[in-house]
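> Okay, here's what each chain looks like letter by letter:
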Amino acid sequence: MPADRAFAAVADNEPLPEGPAIVSLARFQKERDSLLARGEKLGLRLEASESPEPIGADVHKIALIVLNVPYFRDGRAYSWARLLRTRLHYKGEIRVTGHVLRDQVAFFTRVGVDSFELPRPASESELEAARAEISQVYQPSVDGRETIWDLRACRRKSPAS
Amino acid sequence: MYRYDEFDAQFVRERAEQFRGQVARRLAGELTEDEFKPLRLMNGLYLQLHAYMLRIAIPYGTLSSRQLRKLGYIARKYDRGYGHFTTRQNLQLHWSQLPDVPDMLLELAEVEMHCLQTSGNCVRNITADHFAAAGSDEIEDPRIISEVLRQWSTLHPEFSFLPRKFKIAVSGSAADRAAIMVHDIGIQIVRNDEGEIGYRVYTGGGLGRTPFIGHEVGQFVAKTDILAFIEAIMRVYNESGRRDNIHKARIKILVHQIGPEEMRKRVEREFAEIKASGTLQLPEAELQRIAAYFAPPAFEELPYTSPELDQAKTSDPAFANWLRTNVDAHKVPGYAIATISLKRIGETPGDCSSDQMEALADLMDEFGQPEIRVTHEQNLVLPHMRKRDLYALWLKLDALGLSTANHGLATDIISCPGLDYCDLANARSINIAKEIARRFADLERQHDLGELKIKISGCINACGHHHVGHIGILGVDRKGVENYQILLGGSGAEDASLGEILGPGFDSEGIADAVENVVATYTKLRHSGERLLDTYRRVGAAPFKERLYAR
Numbered sequence: 001m002p003a004d005r006a007f008a009a010v011a012d013n014e015p016l017p018e019g020p021a022i023v024s025l026a027r028f029q030k031e032r033d034s035l036l037a038r039g040e041k042l043g044l045r046l047e048a049s050e051s052p053e054p055i056g057a058d059v060h061k062i063a064l065i066v067l068n069v070p071y072f073r074d075g076r077a078y079s080w081a082r083l084l085r086t087r088l089h090y091k092g093e094i095r096v097t098g099h100v101l102r103d104q105v106a107f108f109t110r111v112g113v114d115s116f117e118l119p120r121p122a123s124e125s126e127l128e129a130a131r132a133e134i135s136q137v138y139q140p141s142v143d144g145r146e147t148i149w150d151l152r153a154c155r156r157k158s159p160a161s
Numbered sequence: 001m002y003r004y005d006e007f008d009a010q011f012v013r014e015r016a017e018q019f020r021g022q023v024a025r026r027l028a029g030e031l032t033e034d035e036f037k038p039l040r041l042m043n044g045l046y047l048q049l050h051a052y053m054l055r056i057a058i059p060y061g062t063l064s065s066r067q068l069r070k071l072g073y074i075a076r077k078y079d080r081g082y083g084h085f086t087t088r089q090n091l092q093l094h095w096s097q098l099p100d101v102p103d104m105l106l107e108l109a110e111v112e113m114h115c116l117q118t119s120g121n122c123v124r125n126i127t128a129d130h131f132a133a134a135g136s137d138e139i140e141d142p143r144i145i146s147e148v149l150r151q152w153s154t155l156h157p158e159f160s161f162l163p164r165k166f167k168i169a170v171s172g173s174a175a176d177r178a179a180i181m182v183h184d185i186g187i188q189i190v191r192n193d194e195g196e197i198g199y200r201v202y203t204g205g206g207l208g209r210t211p212f213i214g215h216e217v218g219q220f221v222a223k224t225d226i227l228a229f230i231e232a233i234m235r236v237y238n239e240s241g242r243r244d245n246i247h248k249a250r251i252k253i254l255v256h257q258i259g260p261e262e263m264r265k266r267v268e269r270e271f272a273e274i275k276a277s278g279t280l281q282l283p284e285a286e287l288q289r290i291a292a293y294f295a296p297p298a299f300e301e302l303p304y305t306s307p308e309l310d311q312a313k314t315s316d317p318a319f320a321n322w323l324r325t326n327v328d329a330h331k332v333p334g335y336a337i338a339t340i341s342l343k344r345i346g347e348t349p350g351d352c353s354s355d356q357m358e359a360l361a362d363l364m365d366e367f368g369q370p371e372i373r374v375t376h377e378q379n380l381v382l383p384h385m386r387k388r389d390l391y392a393l394w395l396k397l398d399a400l401g402l403s404t405a406n407h408g409l410a411t412d413i414i415s416c417p418g419l420d421y422c423d424l425a426n427a428r429s430i431n432i433a434k435e436i437a438r439r440f441a442d443l444e445r446q447h448d449l450g451e452l453k454i455k456i457s458g459c460i461n462a463c464g465h466h467h468v469g470h471i472g473i474l475g476v477d478r479k480g481v482e483n484y485q486i487l488l489g490g491s492g493a494e495d496a497s498l499g500e501i502l503g504p505g506f507d508s509e510g511i512a513d514a515v516e517n518v519v520a521t522y523t524k525l526r527h528s529g530e531r532l533l534d535t536y537r538r539v540g541a542a543p544f545k546e547r548l549y550a551r
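Protein chains in written order, with the numbering used here: chain A, 1 to 161; chain B, 1 to 551.
Read the hints as simulated data drawn from the structure, not as lab findings.
All residues carry an ideal CB built from backbone N, CA and C; glycine is no exception.
Hints may be right or wrong, so weigh each one.
[As the list claims (entries may be wrong)] Derived lysine-lysine pairs resembling PhoX-like cross-links, with alpha carbons at most 25 Å apart:
#1 61(A) with 30(A)
#2 275(B) with 91(A)
#3 157(A) with 223(B)
[As the list claims (entries may be wrong)] Ranges of calculated distance between the beta carbons of each label pair, as one might list FRET restraints:
#4 195(B) with 136(A): 33 to 43 Å
#5 477(B) with 89(A): 47 to 57 Å
#6 15(A) with 423(B): 45 to 55 Å
#7 10(B) with 38(A): 47 to 57 Å
#8 281(B) with 99(A): 32 to 42 Å
Let the hints inform the model, and build the full structure from the sequences given.
Set out below in structure tokens:
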């Protein structure tokens, strides 16, 4: 799904505008009650060093979580996305932003990321092409995709097909 | 050995085509070199001093004759007619051209091979005991779980951009021929009191700039749980490993900083969660499918001894010498394990020419050997030789220049490529290896010295495993001049220990003399039956220092 531009990214020292806003984890922790009382969609931006774990059950009140990747070789966001989905059971949108290559889109999609803000913007069909370069996967992940191991198991059950 | 099914085959073909696209984007300037670098590294392609180097994965060091023949062909067609077997059981081609590489990958895919994850900050090629399925002390073939791990780790979506590279080694017996204690994760196959087979798991070992021996984090991990357990370790590392300093980014530093106890706690927590989710249970049917490929060949019923062998041993002393060091006991009567030394005096350790590779592939077929193994000590192994064929094999090896009888002796030196090729090196290592081998070439003397492991690295990254050499040599750059430090007392085997630096280094002219002095000190002080390592452990560094640095 395309990045939702309706969210306004708000710096820590700026007042909140009308409408959906994205704030830092620090600001959320400081102004939690008033932020949740606004009655607007709320987004959280996590830096690479910030685990989403402290958000706890509040995660279900968040509409969008933005994982910032400062440098494409910093792979922590993969684990943060995974943790959001499997430990915190987050159901909202996860977006990745920052220095991300199209070669990483498939990996991020597998660990539960929905949308991308790439330095070189890519169309949905380009993203889809990047995801399809390798058509099967070996290991299970957040996406629940059928793995090569599953496919082999199916074949064992119905060898004739 | 493992054979690709259509899924594996499709995977490596698609991967080669994907890399073709990445090369095209790089050549078109769409990718910067900085961005291209990790992509090419995950396909085994380094940029070195003079050219690109392609590192070909040899999973758990096992090759068929068809694969070995193809490697010889690729080395001749695309490179300079030789390859270099490495301490991680891989093969390096040092003179590759970037535009050729996608084609080389497709050629490899034809014989079920690839360069996947032989470099980069991901899970690297899984290494295992080179005596797998042949060693008399084996509990289970370590390649079964290694192949499971190879598949699991291939393009792992969460662990392809780790803080640093990640190396896993597996040993199937109590004797450790895979150096598991100095890997990011070491897995030892064990049997518990109930007779069940499981895994003992170590983490935090490693060489390089800051060497550590691994810590046990899993005393007995059940078979079905092993992927969950390994994933738990990887996750703790991916989240908490340091990313601010490349020299402190390996898991060994994390384990050292938080302590093994805290590491165990964190791993247990992740493990409990993954296990509870049930998503990463190792599927029994898949395990069985893979295990079936590693079923031992149909061994003949042979007498324990072979008259042909006994006769040749008496009549040909050169063959007898080879038997003494290069042939090990096999678990099946009438069979033996033959080690082919790639350490001929005067040659580069680990190098093998295209002609030799093709000739060896022919010998494999001739002697009914379905597999050849690459060892982490940069030699090759024919694991299932009939004893009665050994002399015929040796005669043919001799004609190929591959009959050097020095396995485990002073001239069986491990050496990285060093400054002759490598971008990272501070000093040459091949020339030092050659000079030391020349000094110790006399076979009688080598036998007198017994097992003596000399390991040489041309820089602190320790590809030559100098920390675990009985004698380790580390090349450094001292004010623009190559300088070589000596370490003593290291071992990469089941009695793992890290060598200690003896004192100030030596220049390239003096290092071989220094090694001679170390050996002379040992021969003076040794008790009967002691290896240099044992003597060093008993007497300590002092007498060696005295001899080397006395004024």
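> Next, verify each hint and record whether it holds.
Hint-by-hint comparison with the structure:
Restraint check for residue 61(A) and residue 30(A): the C-alpha separation of about 16 Å stays at or below 25 Å, so the hint holds. In summary, the hint linking residue 275(B) to residue 91(A) is supported, as the alpha carbons are separated by about 22 Å, within the 25 Å threshold. In summary, the hint linking residue 157(A) to residue 223(B) is supported, as the alpha carbons are separated by about 23 Å, within the 25 Å threshold. A beta carbon spacing of about 37 Å between residue 195(B) and residue 136(A) agrees with the range 33 to 43 Å that was offered as a hint.
Taking 47 to 57 Å as the suggested C-beta distance range, the pair residue 477(B) and residue 89(A) conforms, at roughly 53 Å. Distance hint check for residue 15(A) and residue 423(B): the Cβ-Cβ separation is about 52 Å, which falls inside the suggested range of 45 to 55 Å. Between residue 10(B) and residue 38(A) the beta carbons are some 51 Å apart, a value that agrees with the proposed interval 47 to 57 Å. Under the hint 32 to 42 Å, the C-beta atoms of residue 281(B) and residue 99(A), about 36 Å apart, fit the expected range.
The structure is consistent with each of the numbered hints, conforming to all of them.
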